[in-house]
Amino acid sequence: MKGLIKIVAVVLLLAAALPAAAQLNVFACEPEWAALAAEVGGERVKTYAATTAHQDPHRIEARPSLIAKVRRAELLVCSGAELEIGWLPMLQRQAGNRRVLSGQPGHFEAASVVERLEIPEQVDRSMGDVHASGNPHVHLDPRRLLQIAGALSARLAELDPIGADYYRQRLADFSGRWQQAIARWEAMAAPLKGARIVVHHKDWVYLCDWLGIEIAGALEPRPGLPTSAGHLAGLRRELANKPAGMIVHTAYQSERAARRLSQMSGIPVVELPYTVGGAKGAVDLFGLFEVTLERLLGAVK
Amino acid sequence: MALSLALVAGAAPAAEGGGFNPDISLILDGRYSAYDNDTEYELPGFMLGGEAGRGEEGFHLGHNELAVSANVDDMYYGKMTAVLHDHEGETEVELEEAYIETLALGNGLAVKGGRFFSGIGYLNDQHPHAWDFADAPLVYRGLFGDQLRDDGLQVSWVAPTDLYFRLGGEITRGERFPAGGAGNDGAGASALFAKLGGDVGASHAWQLGLSHWQAEIEGRTSGGHVHGGGVAEVPTYSGDSTVSGIDFVWKWAPNGNAIERNLKLQAEYFVRDEEGTVVMDDGSASPETTRYDGTQSGWYAQAVYQFMPRWRVGLRYDQLDSDNEGADEEVLGEAGLDDEGHTPTRSTVMLDYSYSEYSRLRLQYAKDDSYEDSDNILTVQYVMSLGPHGAHKF
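Residue numbers (the working numbering), protein chains in the order written: chain A, 1 to 301; chain B, 1001 to 1394.
Among the hints, a few may not be true.
[Claimed, not checked] Computed, partial: chain A to chain B, Cβ under 7 Å:
id : residue
1  : ASP56
2  : ARG59
3  : SER65
4  : ILE67
5  : ARG72
6  : TRP178
7  : LEU225
8  : THR227
9  : ALA229
10 : LEU293
11 : ARG295
[As the list claims (entries may be wrong)] Examples of chain B residues toward chain A, derived with CB under 10 Å:
id : residue
12 : THR1102
13 : ILE1259
14 : TYR1355
15 : TYR1371
16 : ALA1391
[Stated by the list, open to error] Derived DEER-like restraints, expressed as beta-carbon distance ranges:
id : chain 1 : residue 1 : chain 2 : residue 2 : range
17 : A       : GLU115    : B       : GLU1094   : 26 to 34 Å
18 : A       : VAL123    : B       : ALA1130   : 22 to 30 Å
19 : A       : TYR48     : B       : ASP1074   : 23 to 31 Å
20 : A       : ASN241    : B       : LYS1393   : 24 to 32 Å
21 : A       : VAL123    : B       : ASP1282   : 33 to 41 Å
Hints were generated in silico from the structure; no laboratory data involved. For every residue, glycine included, the Cβ atom is placed at its ideal position computed from N, Cα and C.
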């Protein structure tokens, strides 16, 4: 009997402790959004990153583990603009969680709060994997990232009103540090202005837009299609006339094509982290941009 | 201009099914097949029905389907798939799927109603264009006539746990093969299934499934027999039928990045028990008949490996077994339920090439010992998809 009372007491204590410990369950489609949710949500959110820097966010399988995570999520933070169209709708339909359906407050699409680039006038499959809502890789422009942070903070406050002041404070703190960092990065990146780079996939449009870098060509003949020998030969001819400073790829893209073009043209290859966790040092959003700039600057010297 | 403004302002179209126009998707599937045998196909010990068969010889069309789907509103999703195929020179339209599904019940619950592929097994609710081989495993051919689908209701629930756990139940009409007769006032079949799944590290993912299906069958027919100039006799079964199954899938991709290389291992086992009566229906008042008590089972295991972008190679082994007893062995034999002392097996190897994720070309070879005359089957196939095409299941 005494044992039973003890158990009941422990259970009651645990139950009482729950509300205080209850964090908002955030399912981030990509590591950059997990990092941003952690920046603006602090200890009030529990973040799960559905993908890593070593996975192509276009091509993720609707795995059972992800369905289980979406089932319990209170907020999805994703890129949107169709980046996750191959897997997120399936997770949403399978998980039976109405809080995170499209159009609900529990579904936050980062690309929808910023101005997007490369919105096509028409979409045809012969153009490859193009997104009707524009290029979705918006996180690589720190100015847009700041806008997204503001919108995400407001969304967190909407879903968790008790924490509204806390989120506002976190956002103010993050914004201050981030704006200082942007000023520092822009000063650092001055030598990159006007540089020409060859990209693997069009992941870098926003970074280039921010830094004034020109995209000289892509290793993929069309977005989403693997490169071919013919395409590389054509690219090399173009580069012979108008040279580029470097060939850029992410941790999740095979470096074979980049190496081949590099051997043909003598242009150096640079692997960029692309997202948090994509390189040593890219442990958070600040680190992501530090490492990216370091490597870009290292290649132009 | 107004459109681009709307886009910039953040009124982005929802990712899928949210537009005003439904998603229309077309699958094109064409084949060339070469066989060594000319004999009529049979699967000793199994009464064939549904789509079961070895397929046509030479150039022919496969599974061409047109699907229309969209969110009806914020509560329901709807989908219809029509399959067009040729049957004896005429093009037939078949309503493959037509269902609605709830979107927003919450708490892990979903209800589906209409005509749909049953949630049993692993391969069953996948469309043939998503299969890794040009044809269904033998156990699906023998037990379900390639795939089990019916008209009815499905309720499923996903548990709020870190380990994926989904439980589903179905009550269906029970008129289509392998059921028949729409017993129990048009609710003659039911199914239960459970799925468990998760990850092991970043590179591995798995799913385990258990299924059970049962039906009260009234007059299930299978392919008719004609005896030299006589009347056709149609083997007809009435009685109970239960099918139990287990399925397992394991997928590997280095760091979970499947673009360069990935491996998929999959195996399923089903066993069916039936007890009832077989009648050789020849239209007469007193057809031949026998009491029948049978067990049929089968399994397959397959591996599909993408060794470089665009290229995959696959290997599959099938095996069936049956143990059917009846009062009149001769009638059982005429109904195709005599295993003729033969264990049906088949070994298949395939190579496919996908220029993009929307197009696939496949070369497949099978050593088919599913009946007594061993056959060599070569198939060349294309499968292409046009239009918005929803994500595939795991």
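Do the hints match the structure? See the list:
1. ASP56: OK, holds: ASP56 of chain A within 7 Å of chain B, min 5 Å.
2. ARG59: For ARG59 of chain A, the interface hint holds, since the closest Cβ of chain B sits about 6 Å away, which is under 7 Å.
3. SER65: Result: holds, 4 Å to nearest chain B Cβ.
4. ILE67: holds (6 Å)
5. ARG72: Check passed: Cβ of ARG72 of chain A comes within 5 Å of chain B, closer than 7 Å.
6. TRP178: violated (21 Å)
7. LEU225: This interface hint holds because 6 Å falls under the 7 Å limit.
8. THR227: This interface hint is violated because 9 Å lies over the 7 Å limit.
9. ALA229: Interface hint status for ALA229 of chain A: violated (14 Å vs cutoff 7 Å).
10. LEU293: violated (25 Å)
11. ARG295: violated (21 Å)
12. THR1102: Where the cut-off is 10 Å and the nearest Cβ of chain A is about 8 Å from THR1102 of chain B, the hint holds.
13. ILE1259: holds (5 Å)
14. TYR1355: holds (8 Å)
15. TYR1371: Because about 37 Å separates TYR1371 of chain B from the closest Cβ in chain A, which is outside the 10 Å limit, the hint is violated.
16. ALA1391: With Cβ-Cβ at 4 Å, under 10 Å, it holds.
17. A:GLU115 with B:GLU1094: 26 to 34 Å: 47 Å Cβ-Cβ, so the 26 to 34 Å window is violated.
18. A:VAL123 with B:ALA1130: 22 to 30 Å: holds (24 Å)
19. A:TYR48 with B:ASP1074: 23 to 31 Å: Roughly 25 Å apart at Cβ, these two residues keep to the hinted range, so it holds.
20. A:ASN241 with B:LYS1393: 24 to 32 Å: violated (48 Å)
21. A:VAL123 with B:ASP1282: 33 to 41 Å: Since VAL123 of chain A and ASP1282 of chain B have Cβ atoms about 59 Å apart, the given range 33 to 41 Å is violated.
Hint violations for this structure: numbers 6, 8, 9, 10, 11, 15, 17, 20, 21, all remaining hints satisfied.
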